[in-house]
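Per UniProt numbering, residue 1 is the first one in the sequence shown, and the count goes up by one each step.
What the hints contain is simulated information worked out from the structure, not anything from laboratory work.
Simulated crosslink set (BS3-like; lysine-lysine; CA at most 30 Å straight-line):
| id | residue 1 | residue 2 |
| --- | --- | --- |
| 1 | K16 | K4 |
| 2 | K16 | K90 |
| 3 | K171 | K194 |
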Amino acid sequence: MSEKEAKEAIREYMIKQNRPYSYGNIIDNLHGRIAKAICLRVLEDLTAKEKILTSKEYGKCIIYLANQDKFPATSNAELAKLDAQIKTLKDSLEEKKARLKEAQSTLTKASQGLNNTQLRSELERLKRQNAEMGGKLEKYEAGAVKLVSEEDIERGRKEMGRYCQEWRKRKRACMEIIDMISESADMNRKEFIKKLWIETDEEARVNILDYIV
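Hey, can you work out the whole structure from these sequences and the hints?
Here is the structure:
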């Protein structure tokens with residue numbers, strides 16, 4: 001691009017954008033079509049001679065901006081319109097921030113779950129389990145598995161009843177002995193049991209009623 005073409009391109013770009021840029025920003029934003037030396041000469045000319053641009057130094061960096069005196073004064077109606085646009089943009093930005101936060105939260109939860117290898121392993125395990133249970137179901141349906149008969153169930157109930165009856169008998173006898181000894185030792189039952197570290201049904205969280213069928 002010639003210097004004349006570069007000047008026109010930079011002039012048009014800076015006025016249209018009306019934003020502060022360094023020479024490097026301008027070269028990048030114009031896709032590297034302008035050489036550095038040409039860009040610097042054009043910026044100097046547009047600033048010092050034509051007064052199209054203004055410049056300000058920040059350390060070793062020079063920032064260029066379209067000369068605001070070249071723009072017409074903004075009316076109150078236009079300012080109000082700009083304020084409304086700014087508010088709309090701010091609201092849109094807040095909405096996008098909220099959506100981004102939600103997406104990041106979803107991503108975090110997903111990353112804390114199983115990875116692909118673990119998911120495949122779990123899927124294979126569930127397939128094997130499903131096949132195993134399916135095989136058992138087929139055996140039950142085919143009558144290949146002997147089910148518990150009513151007689152067996154009744155026999156089990158009777159045996160459990162005998163065990164519970166023996167349980168009650170032994171517990172009652174044990175408590176009678178404890179009461180006799182604790183009374184002669186001038187202690188109550190609770191103190192005596194605690195002193196001898198005797199484990200009761202209550203301490204073991206066992207209730208005989210749970211076993212009566």
